Structure formats: C-alpha cells, structure tokens
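Kindly generate the complete structure, drawing on both the sequences and the hints.
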Amino acid sequence: MKVTIIDYGAGNVPSVERALQRIGAESQRTASPECVSKAEALLLPGVGHYSALARALDEQKMRVPLIEAIHRGVPFLGICLGLQVLYERSEEAPQLRGLRLLPGSVSALPSNVKLPHMGWNRVVKRRDSRLLAGIGVNAYFYFAHSFAALDSNSAATATCLYGKEFVAVIEQQNIFAVQFHPEKSGDPGARVLQNFLRLAA
Amino acid sequence: MSLAHRIIPCLDTDGERVVKGVNFVGLRDAGDPVALAARYNAEGADELVVLDIAASRDRRPTFLETIWQVAAELAIPLTAGGGIRTLEDGRAVVRAGADKVTVNTAAVERPALISELSKEFGAQAVVLAIDARRTGEHWDVMVRGGRESASLDAIFWARQGVTMGAGEILLTSVDRDGTQSGFDVALTSAISAAVSVPVIASGGAKLPQHFEEIFRDGAADAALAASIFHDESQSICKLKEFLAASGIEVRLPC
Numbered sequence: 000m001k002v003t004i005i006d007y008g009a010g011n012v013p014s015v016e017r018a019l020q021r022i023g024a025e026s027q028r029t030a031s032p033e034c035v036s037k038a039e040a041l042l043l044p045g046v047g048h049y050s051a052l053a054r055a056l057d058e059q060k061m062r063v064p065l066i067e068a069i070h071r072g073v074p075f076l077g078i079c080l081g082l083q084v085l086y087e088r089s090e091e092a093p094q095l096r097g098l099r100l101l102p103g104s105v106s107a108l109p110s111n112v113k114l115p116h117m118g119w120n121r122v123v124k125r126r127d128s129r130l131l132a133g134i135g136v137n138a139y140f141y142f143a144h145s146f147a148a149l150d151s152n153s154a155a156t157a158t159c160l161y162g163k164e165f166v167a168v169i170e171q172q173n174i175f176a177v178q179f180h181p182e183k184s185g186d187p188g189a190r191v192l193q194n195f196l197r198l199a200a
Numbered sequence: 000m001s002l003a004h005r006i007i008p009c010l011d012t013d014g015e016r017v018v019k020g021v022n023f024v025g026l027r028d029a030g031d032p033v034a035l036a037a038r039y040n041a042e043g044a045d046e047l048v049v050l051d052i053a054a055s056r057d058r059r060p061t062f063l064e065t066i067w068q069v070a071a072e073l074a075i076p077l078t079a080g081g082g083i084r085t086l087e088d089g090r091a092v093v094r095a096g097a098d099k100v101t102v103n104t105a106a107v108e109r110p111a112l113i114s115e116l117s118k119e120f121g122a123q124a125v126v127l128a129i130d131a132r133r134t135g136e137h138w139d140v141m142v143r144g145g146r147e148s149a150s151l152d153a154i155f156w157a158r159q160g161v162t163m164g165a166g167e168i169l170l171t172s173v174d175r176d177g178t179q180s181g182f183d184v185a186l187t188s189a190i191s192a193a194v195s196v197p198v199i200a201s202g203g204a205k206l207p208q209h210f211e212e213i214f215r216d217g218a219a220d221a222a223l224a225a226s227i228f229h230d231e232s233q234s235i236c237k238l239k240e241f242l243a244a245s246g247i248e249v250r251l252p253c
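Going line by line, the protein sequences match chains A and B.
Going by numbering that gives the first Met the number 0, the first residue of the first sequence is number 0, and it counts up by one from there.
Going by numbering that gives the first Met the number 0, the first residue of the second sequence is number 0, and it counts up by one from there.
Just so you know, the hints here were simulated from the structure itself, not pulled from any lab data.
Quick caveat, the model's predicted, so the values are computed rather than measured.
Built from N, CA and C at the ideal position, the CB exists for glycine as well.
Hints are not guaranteed to be accurate.
Here are the computed lysine-lysine pairs in the BS3-like style, where the Cα-Cα straight-line distance is at most 30 Å [claimed, not checked]:
1. LYS60(A) - LYS118(B)
2. LYS19(B) - LYS237(B)
3. LYS37(A) - LYS124(A)
4. LYS1(A) - LYS163(A)
5. LYS118(B) - LYS163(A)
6. LYS37(A) - LYS1(A)
Over 12 Å on every C-beta distance to chain B, these chain A residues come out as not near it, computed from the model [to be verified]:
7. ARG21
8. PRO32
9. GLU33
10. LEU95
11. LEU100
12. SER128
13. SER151
14. ASP186
So, in structure tokens, the structure goes:
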C-alpha cells in the first residue's frame, strides 16, 4: 500500500516523507485532484497558517476529491493543520471554510500561556485509541501551533492541556488526525505513523 | 502536567564541519555534523540547532547539503540559520529540511525579514536570535557574531521581533558565552517576562545546576549548549535525569 501525501506546499512534507521512509512505508506526493481520488490512503500534513491550507485545497481543486475519498472510506491521517481543517472553520481565518467533516471549530489558545505552544507535551486518552496503541501513557509528542480545536473535546480520542484542553487525537471511522507532529516526535511519533499504516492496510 | 523544558544541542558549523571557538577566534574542528546529529537524536535531545557561523555566500550550497543530511538523521525538530538575509535564503533552508529558520543580524538591519518569513512559514517556524550584552542598566543587541553593538535595547528588540512575527527567541548572553560560568539568569528572565513567545537560553552552560537555575529562576522554556555536549563532558540523558530529580519537567525516557 502506498500513502498519498497531499502536498499543498507545507514546510513539513519532506519530514513526513522521511518519517515514513524510516518505518519502511511507500509514499508519493501529490497536488492533483486525480491522484487524491485514486489514493489508497491519504495523509494531509500542514504547518503554518490555516489560510494557506484552506486556500490551496480550493485553488488546486482538491477539496471535493478529498471529501469524497474520505466519505468512500479511504483511510485519512491529518497532521496539525491537517487536523484543524477537518472542522467547520478556524478563528485564524474566519472567512474561509474548513472541510466540515467534523462538527466544531478551531480557536486561538488562551493568551495566559506562551504561544505558540511549542515543544513536547503529553496527551490524555479519553477513549480506546488505535493510533496510540502500544504507546506508553507518559509519552511526549512534539507540538507547534497557536490554534486548536477547543470545543470538541468530548468527541476527542485524546486531549492535551496547554492553557486550555484541546483535541490532540481524533479517530472517527476512517478519519484519523493528530494536532502534534508524529514526524518530529521520536519513537512514539513513529509508532503513531506505523499504527495508521496498519489500520490503512 | 505541562510542557517539558527542552534541551537543545547546537552545532556551529563552517558550513560543512562542526567548529568550536570563543568569539570566532581559534576555531577548531569538533566533528561531523551528521554523526553528531544522529548521536543527539538517540541521546534524548529535544531539538537540534545547526548554524552556519561562516555564512559566506559561496559556501551556502555546502551548508544546505549539511542541513539535508542532518535532517535525515532526526526524528526531532531542526532549526537552521546563520547568514539568512532574504526570504529566499529562508526558503532554501526550509526546503533542505529545517523546521524553523533563525535570523539575527539581517533582521536587525531589516526587521521586515521577520514578517516575510512568518507570513510564509508561520510564526512557529521563525526564531529570532538575539545576542545581548550588558551595558550599564540594560542589555544591548550585538550583531555580526556578537562583535558589534547595534545600539538597540534587547528587551525592546525582542518585543518588536515578536510583534513582527517571530515565534521564539534564541537568546545568547555575549557576556556568558564561552565562559562556562552558567546561563545569564537576569537577562533571560527579563526577556522571558517581556515577550509572549518561548525563550531559548544560550551561553555559559557547563553544569547540570546551570540548567536547573535557568529553568527555575530564568524562566527559560529551553536551554541550548554546544561544546559540553560535543566533547561528552555532559550527557544529555544524564542531564535530563538530573533535572527530573530536581522537579523540572523534561521529556524522559531518553
């Protein structure tokens, strides 16, 4: 099985490719709607500004094929902005639409903590997790973001606390997404990617 | 539960090899950056910084190749910089595999460089490096490898840099750099209190107690060191175990 990485120009695509290589997974980058439609498994990495991702999905005509593929049951993994764009909208770019595959919205983390939330933090499992299988409860993951899904914690698979509680991991049918960067999170991060590949196989 | 304090080894390179020296004088070879990166990745480093301290134009392709090879060894974030003058320089470093770009002298000369990079890559990818030296009652920003005063107040500049879009401050005490007498607690706590972004303290580290002090009293979010890790006088893993035993949250196991 080959993972199709949606390459809208995010800075972390090479890191994601290398992390997949390290665990022996095959991947290909794409920015074409046809490739998204044909993908066996989809990975949407993202880092930076929400508007860059939301705009690119429209300008490169990938929004519809992506939503259709996810509705057909193609396994999907979103990373960082790739998680945030699943919701209806983001406070970071209120005029733009998210993919609206999940109810809720993305908001700024509170200003009583240093932002961006940058560095290694732990997550708390709220239900059984397939992505976090085999990873110790005290594992740290690398985060780098200032916005997060704050109003959807009850639906989260795992949450993280930084200023406020937010969605760190979401798993719903074939939709998987993490707010942290598994490609930069050492061994626990590699395990998350492995778990996704196993689920997608 | 809170964010772990980060330990960050720094590779000062001439583009190709890791070099070591005080104030850019008497540089000597301290190893292969790719081998050191692999070692730090395995030893529990939370992040890695690679700087091109020569920053000469004709050596730039060599440095980009070094970043590419170093990034291949890492399952942790990589910050790269040294001689970043334009958005295009920043793009090249990101394309080579860096997660964050650090800017210093060129940002002092043209602060818009910070916003250009931040707009393109996000604030989380822009690290403003400030070299500060005590002058009377305040700290002066130093440029050109810490040799020249920019006649700019370091606290003012840190605040301005954050307003322009820097997502992190890499703060080096020129007074402490190379002295191994401990991080500059007064400087670091003053900058940390003045800005809303994380601060990486740098300059003067030798003992584990220095790290404990800069996290506890200096309000640093991360601490950076070079030679004590390169020459193996301090193991990153043992340092983190010491900090954990002192009640400082760090990412363990290594």
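Hint check results:
1. At most 30 Å may separate the alpha-carbon atoms for a hinted pair to count; LYS60(A) and LYS118(B) meet this at roughly 23 Å.
2. For the suggested pair LYS19(B) and LYS237(B), the alpha carbons sit about 23 Å apart, so the restraint of at most 30 Å is met.
3. Using a Cα cut-off of 30 Å, the hinted pair LYS37(A) and LYS124(A) is violated, with the two alpha carbons roughly 33 Å apart.
4. Distance check on the hinted pair: LYS1(A) and LYS163(A) sit about 37 Å apart at the alpha-carbon level, beyond 30 Å; violated.
5. This hinted pair checks out: LYS118(B) and LYS163(A) have alpha carbons roughly 26 Å apart, not beyond 30 Å.
6. Of the supplied pair hints, the one linking LYS37(A) and LYS1(A) holds, its CA atoms being roughly 11 Å apart against a limit of 30 Å.
7. Residue-level check failed: ARG21(A) sits 7 Å from the nearest beta carbon of chain B, not beyond 12 Å.
8. Its beta-carbon lying about 25 Å from the closest one in chain B, PRO32(A) satisfies the requirement of being farther than 12 Å from that chain.
9. Listed as a non-interface residue, GLU33(A) keeps its Cβ farther than 12 Å from every Cβ of chain B; the least gap is roughly 26 Å.
10. For LEU95(A), the requirement that its beta carbon stay farther than 12 Å from each beta carbon of chain B is met, with the minimum near 16 Å.
11. No Cβ of chain B comes within 12 Å of the Cβ of LEU100(A); the nearest lies about 23 Å off, and the non-interface call holds.
12. No beta-carbon of chain B is positioned within 12 Å of the beta-carbon of SER128(A); the least distance is around 18 Å.
13. Every Cβ of chain B is farther than 12 Å from the Cβ of SER151(A); the closest lies at roughly 20 Å, confirming the non-interface assignment.
14. Under the 12 Å C-beta cut-off, the non-interface status given to ASP186(A) relative to chain B is violated; the minimum distance is some 7 Å.
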